[in-house]
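Residue numbers (our numbering), protein chains in the order written: chain A, 1 to 224; chain B, 1 to 224; chain C, 1 to 224; chain D, 1 to 224.
There's no promise every hint is true.
[Unchecked claim] Ranges of calculated distance between the beta carbons of each label pair, as one might list FRET restraints:
#, chain 1, residue 1, chain 2, residue 2, range
1, D, P77, C, G78, 47 to 57 Å
2, D, A191, C, R81, 33 to 43 Å
3, D, E125, C, D44, 30 to 40 Å
4, D, R98, A, G128, 55 to 65 Å
5, C, R27, D, R158, 55 to 65 Å
6, C, D19, B, E12, 33 to 43 Å
7, B, V138, A, R15, 45 to 55 Å
What the hints contain is simulated information worked out from the structure, not anything from laboratory work. For glycine and all other residues, C-beta sits at the position ideal for the given N, C-alpha and C.
One letter stands for each residue in the lines below.
Number of protein chains: 4
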Amino acid sequence: MPSAGAHRNLEEAARAIADTGRRFYQRGWVWGTAGNFSTVLSSDPLALAITASSLHKGELQPDQVIVVDERGKPTSPGRLRPSAECLLHVRIVRDRPREAGAVLHTHSVWGTILSEHFAAKGGVELQGYEILKGLAGVSTHQRTEFVPILDNDQDMDRLQAGLGKVLARNMSSHAVLLRKHGLYTWGETLADAERHIEVLEFLFEVVGRTITMRQHEGEAIWHS
Amino acid sequence: MPSAGAHRNLEEAARAIADTGRRFYQRGWVWGTAGNFSTVLSSDPLALAITASSLHKGELQPDQVIVVDERGKPTSPGRLRPSAECLLHVRIVRDRPREAGAVLHTHSVWGTILSEHFAAKGGVELQGYEILKGLAGVSTHQRTEFVPILDNDQDMDRLQAGLGKVLARNMSSHAVLLRKHGLYTWGETLADAERHIEVLEFLFEVVGRTITMRQHEGEAIWHS
Amino acid sequence: MPSAGAHRNLEEAARAIADTGRRFYQRGWVWGTAGNFSTVLSSDPLALAITASSLHKGELQPDQVIVVDERGKPTSPGRLRPSAECLLHVRIVRDRPREAGAVLHTHSVWGTILSEHFAAKGGVELQGYEILKGLAGVSTHQRTEFVPILDNDQDMDRLQAGLGKVLARNMSSHAVLLRKHGLYTWGETLADAERHIEVLEFLFEVVGRTITMRQHEGEAIWHS
Amino acid sequence: MPSAGAHRNLEEAARAIADTGRRFYQRGWVWGTAGNFSTVLSSDPLALAITASSLHKGELQPDQVIVVDERGKPTSPGRLRPSAECLLHVRIVRDRPREAGAVLHTHSVWGTILSEHFAAKGGVELQGYEILKGLAGVSTHQRTEFVPILDNDQDMDRLQAGLGKVLARNMSSHAVLLRKHGLYTWGETLADAERHIEVLEFLFEVVGRTITMRQHEGEAIWHS
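Using the sequences and the hints, build the whole thing.
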């Protein structure tokens, strides 16, 4: 029966999302109720399992994951509301149909710092690192991964339209940074998206610490 | 019966406070017996549940939380004494009656560093970050949160009087830093106050690392 | 019976490797499925127990450890493939027959940063630290440990040949850094190799932070 | 019976020491088998419970704590040997008879960095921090705690004689740093000594990060 299958899917997805939330909370990536996570249950019509708004991610419970449709509206009754940023998740899974079966959004210290530091350049370039091979479809360290930076906005219609343009202009990118806000990445499965978060957060820390260390040499590598 | 209700309130408050203590200890925010935490049990007359003096916060037990009145005096017998800083908690819950149902005080590395770095400017400005929306009543990143800095003092009467002035001059602030000492913040509930700690500690680290990274550019953003 | 003994060896080795993986994952040294670990089960002919390719190291299971021969080929059926970097493990245990009964490879933030920072000098010099006595055969802090840096390469035949040359030129070294990639170290037992990782990662962080701190003094210590 | 009492003392001391070891290992202060810990069982004649040599501190077992006399010699049979640094522990408990009922030695990243950075000045000055009140007998932040730095030496007779001179010259100090080696501190009880470690490690990180952050201002505060 389809409905039973869908229910089991939601339960499994919700448990997996709650586990991811606890891990990210322990690393300080979703403090202050920041962050939201989603996985696609079905794509046509879209049914997206997503964390409800304003929850403590270290104590996330499976029943705090709700289902929304392609307009970001909840499809079942209940007092929990989806995050306003739900529309960004919907945009990503619609614009990256083959790559995005799950979307993760985090606020990390280094991601926040780099999103401001490289804003004038339009994005962060990650180049030549072996760990880039952890991104889907990347098979060599001789890769330049560009993480575009989008200005933050409280108007969600405007922000998701801006996100659509950034996604269209950067077809080979695996993630987008919102300025002074945080990281959005995605993957075929939740595990793939979590691996992308790990790869990108690792490299954000490497780049941030490298810039800090190299100041004295007057190097222009990062600022040319 | 009111007294039974009050007892249950204290037990619940004490368990919640002990849980908060263990989390903060694991993050290195209350080392060396630093820090103290309180929640309001009743406001008129004031009954404040607060951690006793000089305890290891990683092994905090519910029976190490005591009750004090509006002068900071214990209202029940026992060998445990309240912290001298108890008066600062009392001051905050009296001066912020609607906002402060719980008060948290922590010593973090970045909070300590910024409390000295920005002392001459009178406080730390946090501006334009999405995570500021984790502070009660803030609904946009286009916000300037000012965390005033107060000189430290071992004279508690003088210090709580100084704190009162700072609170009166900064009615929209959610927290105060004591110089080379630590952070005081508050919230309607203990969970709200803990969320505020997470938001502010996250941003203190972002600001501290940003200043360190940007030295080479001779930027005056943080020192104008 | 030898085969039973070998099986027990593999089981024990696999459990120990899985434990090491979980510890390293918690420290952020093997994110994004990075890293691989091996121990020698027998040396002539070589039977090497090694983690399979592309696994999440925080949830490593003993049955994800497979056995390969001296050409890096699996010696038992199964769907798990060895990592391409398996050949580097084989090279180390063959070229360091007395010292390398186990090989560990990690990606850490500071190791990655120093592998690029000191690339032009050919390696990282670690000098005068007491903790160097944690390296096998080192009995005084008055030691200069040289960790050579090798350029990264996706051609494994070329990379393992280059590794062989680096090992031959640095007979007293306990480890090699791959540029913008990570650390390879080894030890008589897995515990010895893990101790080496801890010593070297500790010192990479000390050296990286020291360089960052000392910029202002225009010191040439690290860049002469 | 006295002997039974002594045995119970050793068992309790050994369990407490093992717990401390696990906590410090998790924080990265005793990697690579670094560090050793002791508590006084009786003072005349001296019986000192101390960790044996070269153990993994994250898996420390109570039976890895042995008893030594005033010459640092084991007083009971067994294959475990005391650390060579055992003599430094003996020196501290003999020279600080009222204050040192327990001695802790750790290797931290910031302690190691500062032990070199301030070597020419003879020690690290910690001044004006509230958390200094976590040190025994300190009741105000208006305190200058001086942590003297002693050159490292593999000759233990010479090193313990040097330590004796440093202790005699700095009667109000609570700790000593060995250069490029680590921290020795003590307290009336093991809990007091662990509190001292937390206070000092916290402040080493504050001082190290402050120096790093302030470079651009050409401040001479830390280098005058």
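Hints, verified against the model:
{"no.": "1", "hint": "D:P77 / C:G78: 47 to 57 Å", "result": "holds (50 Å)"}
{"no.": "2", "hint": "D:A191 / C:R81: 33 to 43 Å", "result": "violated (52 Å)"}
{"no.": "3", "hint": "D:E125 / C:D44: 30 to 40 Å", "result": "violated (60 Å)"}
{"no.": "4", "hint": "D:R98 / A:G128: 55 to 65 Å", "result": "holds (59 Å)"}
{"no.": "5", "hint": "C:R27 / D:R158: 55 to 65 Å", "result": "violated (36 Å)"}
{"no.": "6", "hint": "C:D19 / B:E12: 33 to 43 Å", "result": "holds (39 Å)"}
{"no.": "7", "hint": "B:V138 / A:R15: 45 to 55 Å", "result": "violated (32 Å)"}
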